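S.K.: Put together the whole structure using the sequences plus the hints.
These protein sequence lines map, in sequence, to chains A and B. Note that the working numbering numbers the first sequence so that position 249 is 249, with each residue one more than the last. Numbers given in the working numbering equal positions in the second sequence, counted from 1, plus 1000.
The hints are simulated quantities; they were obtained by calculation from the structure and are not laboratory data. Remember, it's a predicted structure, so these values are computed and weren't measured experimentally. All C-beta atoms, glycine included, are put in the ideal place defined by N, C-alpha and C. Careful: at least some of the hints might be erroneous.
[To be verified] Partner residues aside, some chain B positions facing chain A, computed with beta carbon under 8 Å:
1. I1060
2. F1176
3. P1179
4. S1181
5. C1207
6. N1238
7. A1243
8. G1244
9. A1245
10. H1250
11. L1251
12. V1254
[Said to hold, decoys possible] Chain B residues, not near chain A, derived (Cβ > 10 Å throughout):
13. H1007
14. L1019
15. S1081
16. G1099
17. I1140
18. P1166
19. A1180
20. T1193
21. D1219
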Amino acid sequence: MTIDGIGAPVRRKEDRRFLTGRGMYVHDIVRPRQLYAVFLRSPHAHAEIRAIDKKTALACPGVVAVFTAADVADKIKGVPCAWGITGKDGKPMKEPPHPPLGSGKVRHVGDPVAMIVAETLAAARNGAEQVQVAYKVLPAVTGVVEAIKPGAPLLYDDVAGNLCCDWAVGDKAATDAAFAKAHHVTRLDLVNNRLVPNAMETRAALAEYEPASRDYTLYTSTQLPHVARVLLGVLMLSIPERKLRVVAPDVGGGFGSKQVVYAEEAMVTWAAGQLERPVKWVADRSEAFLSDAQGRDHVTHAELALAKDGKFLALRVSTLANIGGYVSTFGPNIPTNLYGPLLAGAYTTPAIYCEVKVIFSNTVPTDAYRGAGRPEATFVLERIIDAAAHELGMDRVEIRRRNFIGKDSYPYQTPVMLQYDIGDHEATLAKGLALSRWSSFAERRKEAAARGKLRGIGIVTYVEACGLAPSRIAQQLGARGGIFESANIRVNPSGDVTVFTGAHNHGQGHETVFSQLVGDMLGMSSDMIEVVHGDTARSPFGLGTYGSRSAAVGGSAIAKAVGKILDKGRKIAAHLLEASEQDIEFKDGAFTVAGTDRRKTFGEIAGAAYTPPPSYPLETLEPGLEETAFYDPVNFTYPAGCHVAEVEIDPETGVTTLVAYTAVDDVGTVLNPMIVEGQVHGGVVQGVGQALCENCVYDPASGQLLSGSFMDYCMPRADDLPIIASVTENTACTHNPIGVKGCGETGTIASPATVMNAVVDALAPYGITHVDMPASPQRIWQTIQAAPHRQAAE
Amino acid sequence: MYGFAYHRPTSLQQLKHLLGSIEEARLLAGGQTLIPTLKQRLASPDALIDLKGIAGMASIDRAGDAIVVGALATHAAVAGSPLLRKAIPALAGLADGIGDPQVRNRGTLGGSVANNDPAADYPAALVGLGATIVTTERRIAADDFFLRMFETDLEPGEIVTAVSFPIPRRAAYVKFPSPASRYAIVGVFVAETTAGVRVAVTGAGPCVFRLKEAEPALDRSFAPESLAGLHVSAAGLNSDIHAGAPYRAHLTSVIAKRAVQAALA
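M.R.: Here you go:
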C-alpha cells in the first residue's frame, strides 16, 4: 500500500497538458510538405452516381489530386465489419460491400464520393466545389418502421425489405407459456432516439509514406490503434502490419464513435502512398454530424407478464434497430448481443425472449455510443417496470425489490446468456433511497406545486455488462477476433517503470490510474511510473478502449505482467540474499527473507537485473526485468446500482428541469475515486442529454439531417444540470485479479430511464403513462395537451 | 472563406466614398453573423468594410427623455452601462442575455438591428420601446423599420449610426430560448411608455411584431391578469423541429404574461 496507490484520489497526470493547452492531437501534428484533403460528400440521402467530372477541379490552383471510386476500385477493399451476427434462421447477416468512396450509389447524406488533395485546405475546398457529380436522386427512407414496409425504397438490390438480420435471444416457447398463464400483462411502446456522439475533437487523420522503406505511418483519432492497423492496413489496403504504424496521440473523446474504422482513414493512408507526401484530413463539425457513426435509434414493443404479487414471470421484447446505410465496424452487434442479453437487469425474470430486426436506412450508420445497447435495454426494462407498477397499483421500489436477484443467489445464470458473478442490489438501493431522500419526496412535491411546478421522482435499479470481453464467448457471438488486453512492464535499470498498455486513453485517465495500480503493487510512488499507449510501434498488440474495459481487462493485464515481474524479482532476490525462493516475500517495496530483516529493495533488484553481479546465475536466470502479459477475461463484469432523479416541469411551457440526481454504483474495486466520480458525472450527463435534449432528426421525405449543427442539435450544458451526487457501494468482481468492474458507461446506462421515470411520475396527475425521449419542452407541452386527464389535473 | 479585400474607414465620409467605389461590399460591425457566413462559404463579397474604425459611434448618452446608444456599442457595453441599467434596466438585461460572453463582447447593436434576424433580441426592444433608428440619412421609427425576415427599411449605402430609446415607466424582456441554440423561440418585450403600453414579440414570427391585441387590456390595467383571455393565433408563425407554430402561439401568450409580471417585479 502506497499513499498514491489503489483507492487514492490522485489528481490526473494528464491534466497538466490538457488544462494548459499542451495536448498533442492529430491536428497539432505537422509533417514537412504535408498536403490537405477534403471529402466531397453526397448532398442526397439516396442517389445513383451517373458520372463524376473532376477536370475543372484538377485545374484549380493548388489542387494535387482528385480521387473517386473509380481510382480505388481495385486498390482499396471495402470498410470491414469486425463483428458479424447470425439470424434466428441460422444464416449470417446481410453484409453488402461498403466501398471507401461512393460507388454506383450513395446511401446517406454525407456519404463520401470524392477526395480532393491540395497544397492548402482552402485550395482543397475550392477544388471540391469544382467536382461535378451527376446524381439520379432516388426515394429515400430514414425510419425503421417505414424501411421494412413492403414497397419501401431498397438500399441494396439483394437485401429484401432492408433487413440486415432478424436476430433473437432467449426461449420463445417458455416465454409464451409464461404469458399464457400470467395474472397481468403490461404493454409498452418505446422509441429510443438517435444520437450524435459529438466528441469534442472531431475525427482527424494524417498519413505519411517513406518510399525507401515502404513504411507508412498513420496518425489518427481512434480508440483502437492496433485494431485499426489490422482493419485499415491489412484488410482494406493490403499493407502488412509491420509496414504500418498507427499512432493515436491525444484523442479528445470518442464515446464509441472512434472505435469505428472509417473510409477517410484508409483514403488518407493510400493517398500518402500514391502522392509520396504526407496527407492530412481534419473533419469539421458539420462533417462530423454527417459522417461519425451515430447511436441508438430503436423502435420497440415490450410486454411484461406478472403474477398477482408483482413477480415478473416473463419479458417479451420486439425491437426494430436502425443501422443506417452501411454495416459499420461493430454496428450490428450493438442492438443485438449488447442489448438482448441485458434485459434480465437486476431481476429474476425466469423467461425472456427478445427479437431484433436490424434494418438498413438512408441515414448515417449507427455503431457503439457510450453504453452501446445497454442503455437501450435498461430503458425498456426500467420503463416497463414503472408502467407495470402503475397498472398494478404497486410501489415502484417494492416491485423492484420483490424481483431482485438476492445477494446469496450469485453466481446467477440469466435466461439470456449472461452469468452474473456478484452483486448486492438491496445495498445499492438502500443507499440510493437514503441519499436521494426518497421517503420525504412528498414534501418537495407539495412545495413545488405551490410554485406551479409538477415535481416527479424516478428510480432505476440496473445491471450492465462490461469489461469487454471474454474472447471465447465473443467469438461464439460473432466477433471476428479476440477481445483480450495486453501489457508490457519495463523496469528500467535505475528502478523506475514504463508501462506499455494496449488500451487507449482518450480522456479516461489511464496514465494516472495505471500508475496507481502498478505503484501500489510495486510499493513505489506513482510518480515513478510512466504509461505509454496509443502507438502500435511501442505497445504490444492491444484491443483498445471501449465497453468500460480498460481498468477491468487492461488493468488486469497490467496486474498479471507486474506479477511476472515480482516472480522474477523474487528469484533474483533469493539468489542475492542466499535464501530459498519460497522464503522470499515482497512487501512495502522490498523483497525480504521471511522472518528476518535481510532485504533488498525493488530498486536494488532492478539494478542487479541489469548489472548482474559476478555471482548472478546467468545460466539459469536471464538478466533484465521486463515482462509482457495478455489477459483474457473469463466473464464480463457486471456493474450495478441505483439511480434516482427528480425533475420539475413547468406545465405552462413544458420545460423540464432536472433538479436532483443521485447515483449509487457498484463498480467493484475503486482504483481512483475522483476518476470514478468524474466518469459517473460524464456518463450521467450524456444520458440526461438523451433524456431531455439530444435528438438526431432526419427529414423523412428527403433524408436530410435537420439537426445538423449545434444550432439544432441540443447538447446538455452545465446550467442544465444540478449537482450530481455520486457514491459507490461496491462488491469486488470475483473473476479478475483486481476486482474492478468498470465505471465508464454506468451513468449513461442508468440515467435516461431514471430521468424519464421521473418525468412520467411528474405528469402522472394528467393520466400520462409514457413519454418518449427527449422530453423537450414542445413534446411535454403536446403530451399534456393530449393527456386524458388534462382538465382534472388543471 | 473566400478571399476578399478589407477596408477600415475612419470616418463616415470615407465610408461613403468606399461604398461608392466598390461593387459588392459587405459592412462588418461585430461580425457575429457575417463572419460565420463567410467561414461557411455562404457569401463571397468582393470586400468587407469594417465600421469599427469610425470614431464616436459606440457612445451611450442621455438626450432628454431618451437614451441614445451608438450603433457600434457592443452588447456587453449596453449590458454594463450604468446609465442604461438605471434608466432602462430591461434593455441592459436583454443585452446581457444575448449569446455568450464572446458574442456580447463582439456583437453590436447596429449590426443586430440592421441584420433583423427573426430570432434576435434587440428588435423586440426597439419595437417595444418605440425607439427611433438614426441613420446616415434620416430617423426611422422602429415600427416602420423592421419589414420582413432579414429585411429592413434601410436603403443601399444607408448606415445605422445610433438608436434612440425613450425611457419607459417600466419595461421587461422575457425570452424563451431554444434549448439548442439559445436564440429566442419567443421573446416578449413589454413597456409602459408615455404613449401607452407596447408589446413586441421576436422569435415567434418571421419578423418582430407588435402584439396589438394585448395592448389595450394592459393600458387599462398593467397586470398579468389582464392577459388571461389572450389568444394568439398560430397563423403565419415560425415552425421548426423545436417549436411548431401552435406551440409558439401558446408560448407567446405565456411569455407575454411573464414579461408583464417581470416588469412589475
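S.K.: For every hint, state whether the structure bears it out.
M.R.: How the hints compare with the structure:
1. I1060: Cβ of B:I1060 sits 29 Å from chain A, so the hint is violated.
2. F1176: 7 Å, holds
3. P1179: Where the cut-off is 8 Å and the nearest Cβ of chain A is about 5 Å from B:P1179, the hint holds.
4. S1181: 4 Å, holds
5. C1207: At about 19 Å, which exceeds the 8 Å cut-off, the nearest Cβ of chain A leaves the hint on B:C1207 violated.
6. N1238: Interface hint status for B:N1238: violated (13 Å vs cutoff 8 Å).
7. A1243: Holds. Min distance 5 Å.
8. G1244: Holds: closest Cβ of chain A sits about 7 Å from B:G1244, inside 8 Å.
9. A1245: Violated: closest Cβ of chain A sits about 11 Å from B:A1245, beyond 8 Å.
10. H1250: 7 Å, holds
11. L1251: 6 Å, holds
12. V1254: Holds, because the Cβ-Cβ distance from B:V1254 to chain A comes to roughly 5 Å (cut-off 8 Å).
13. H1007: Correct as stated: the minimum Cβ-Cβ distance to chain A is 22 Å, above 10 Å.
14. L1019: 28 Å, holds
15. S1081: 25 Å, holds
16. G1099: Holds: least Cβ distance 12 Å, greater than 10 Å.
17. I1140: Holds: least Cβ distance 30 Å, greater than 10 Å.
18. P1166: Per Cβ check, B:P1166 is outside 10 Å of chain A; nearest 31 Å; holds.
19. A1180: The claim is violated: B:A1180 sits with its nearest Cβ about 4 Å from chain A, within 10 Å.
20. T1193: 27 Å, holds
21. D1219: 24 Å, holds
Of the numbered hints given earlier, the model fails hints 1, 5, 6, 9 and 19; all others are met.
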